[in-house]
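Each chain, written out:
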Amino acid sequence: MEIWRLPISASQRGKLISAGYTSLSSLSSISSSDLARELTVSESEAMNILKVASHSRGSETSNASCSIVEGAQSAWDMLHDEESLMHITTSSADLDNILGGGIHCKEVTEIGWSSLSLIVNSVLKYKLTTAFGSESIIFMLIGGVPGIGKTQLGIQIAVNVQIPNDFGGLGGKAIYIDTEGSFMVERAFQIAEACIEDMSEYNRFLRKDFQECKIKMLPQDILENIFYFRICSYTEQIALINYLDKFLSEHKDVDMSLWSQVKVIVVDSVTFHFRQDFDDMALRTRVLSGMALKLMNLAKRFSLAVVLLNQVTTKHTEASFQLVLALGDSWSHTCTNRIVLYWNGNERYAYIDKSPSLRSASAAYSVTARGIRNSSSSCKRIKMM
Amino acid sequence: MANKLISEIPLPKSIANVFSARNISTAKDALSLTEFELMELLDVGLTEVRSALSQISEIVAPPYQTALSLMEQRFQNEHLGGHFPTGLKGLDAALCGGIPFGVLTELVGPAGIGKTQFCLKLSLLASMPTNYGGLDGRVIYIDVESKFSSRRLLEIGLRSFPEIFQMKEMAQEMAGRILVLRPTSLAEFTLSLEQIKVSLLQNQVKMLVIDSMAALVSGEHEQGARRQQTLSWPISFIK
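Taken in sequence, the protein lines are chains C and E. Take 1 as the starting number for the first sequence in full-length UniProt numbering and just add one per residue. Take 1 as the starting number for the second sequence in full-length UniProt numbering and just add one per residue.
With the rest of the complex left out, here is chain C (with noise of 0.2 Å):
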């Protein structure tokens, strides 16, 4: 490693090479006191350029009995943990089969509870795709035309993460960030009084032989736990992905148990305030760019899955319109996952655009007055028949 690449200031680093200091290893041997000499600064700034030099230095020697790497686990280790990782119920149980059974945590993921017997269903998968190993979605882009239902998806995996672990949930409070304003709290009550009714049917249903446990929650209980930020403007925006960093540790620390931590971030939708006012397209990319690093870092740091809501744009390609995620392929290219939700004549269908590890399917899902739901097309034609 060169010193170019070392974090310190700029003067710092001219100084070092002016002085003959061009790689690692020449530092490896100077005390600092000879050091502030030669570069005529002062012992304290000396130190911590050697100190920085030496940690840098430090993760890159081979090392026999730890890893090669420091910092790196091995894809076996890998596997493992995420075989023990739990999922978010979308709560159409078609959506969560081509997600691997839900939105994992762990992962930034971009983009309900259904009748009982899908219920049942949606618990049994989860069961059998985590014993494949699948891995985990950790990034997500959710990106879909006005609509089509991207808010409503949003609030339900809010309410869905904190679906206790007897239920097969993950028992974790839900950070919702709105730039929009598209947050409304009736629709987020009905969507938390749906989701506690299936739970007592379910409840009903399977455990008929041990004693009755009712549901203790209640709507008001599951609206407690989502911490809602209103964003007004990208500057809020950007304070906000690096404040979060601080809430979560503080909210860690208070609350022990696992019940009560936050398990996924939603931010819907997380391009809005950079289509406009930006004049500057080189900058705009960087600053997203540094932003879904931010967030990845929080997922893989408090274990918590990302899900990203975005908007389509139509791009004008020879003579036809086609629906692109809007901010541009730069933007599309940091999201490891992406989900798009488009219509197909009167449905609504979610597509697996992007993905290192699903197969890209689509599945068929419906907005109903209690939720995002499996749509119920096969009763249909039934129907009509």
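Derived by calculation from the structure, the hints in this document are not laboratory data. Any given hint might turn out to be false.
List of simulated lysine-lysine pairs, BS3-like, C-alpha gap at most 25 Å [as the list claims (entries may be wrong)]:
1. LYS246/C x LYS147/E
2. LYS216/C x LYS252/C
3. LYS168/E x LYS197/E
4. LYS294/C x LYS121/E
5. LYS121/E x LYS246/C
6. LYS89/E x LYS115/E
Covered stretches of chain E (chain C as the covering partner; in silico rule of three or more C-beta atoms under 8 Å from a C-beta of chain C) [as the list claims (entries may be wrong)]:
7. 30–38
8. 91–105
Residues of chain E placed beyond 12 Å of chain C at every Cβ, according to the derived structure [what the hints assert, rightly or not]:
9. GLY45
10. ARG50
11. GLN55
12. TYR64
13. LEU68
14. ALA111
15. GLY134
16. SER149
17. LYS168
Quick reminder that beta carbons are idealized off the backbone N, C-alpha and C, glycines included.
Given the coordinates of chain C, work out where chain E should sit on it, guided by the hints.
Below, chain E alone, put in the same frame as chain C:
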């Protein structure tokens, strides 16, 4: 919040001086650059940049609310539970009480279906006192197509609320609460938005009606993408 001055944020003196020396005066400027760019610009180390950014971010970031407190707030503070009932039972039920406050609601429809009539009725409702289901506030009506007819408004008032509108002073008072603006171009409209923003807070304006957005743009001669661009700023401003 975005334009908060760096000087007002409690940063360590040395960093604050460097920020001002490099002409980064608002939080917006500081947060628009990436960490490395700031390092290059300010000539300080990564840890200092990071800690300065985290302090700035903490202050600029909006506070959080749980969804529950949001709902409670709606019911307690905001009049009528955060929604403005339109008087159409089916619509109000579907909208969870009525047209929500604090968001943009768009009325869409083919020509002749009654959009302007709807707007007139809503403006009237908004100006009515609360015991008649109104908001007891002012309405700013931006009439691009010159469709606003005060005679029709009074007719609606007479038929719907005869007890009030038959008295001339009351009718005058109610109608007086509806202020009509007639911008002739998008540029004029955009300019007047700034003015409206100021007067919104001062004059108890409870509703803003724009009739119609499409007319604003179709009057312009620019084509394609530029049209969308010119509209997007006013829209986000209104939000």
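Discussion item. For each hint given before, does the structure comply? Return the numbers of the non-compliant ones in rising order.
Written reply: 1, 3, 4, 5, 9, 10, 11, 12 and 13
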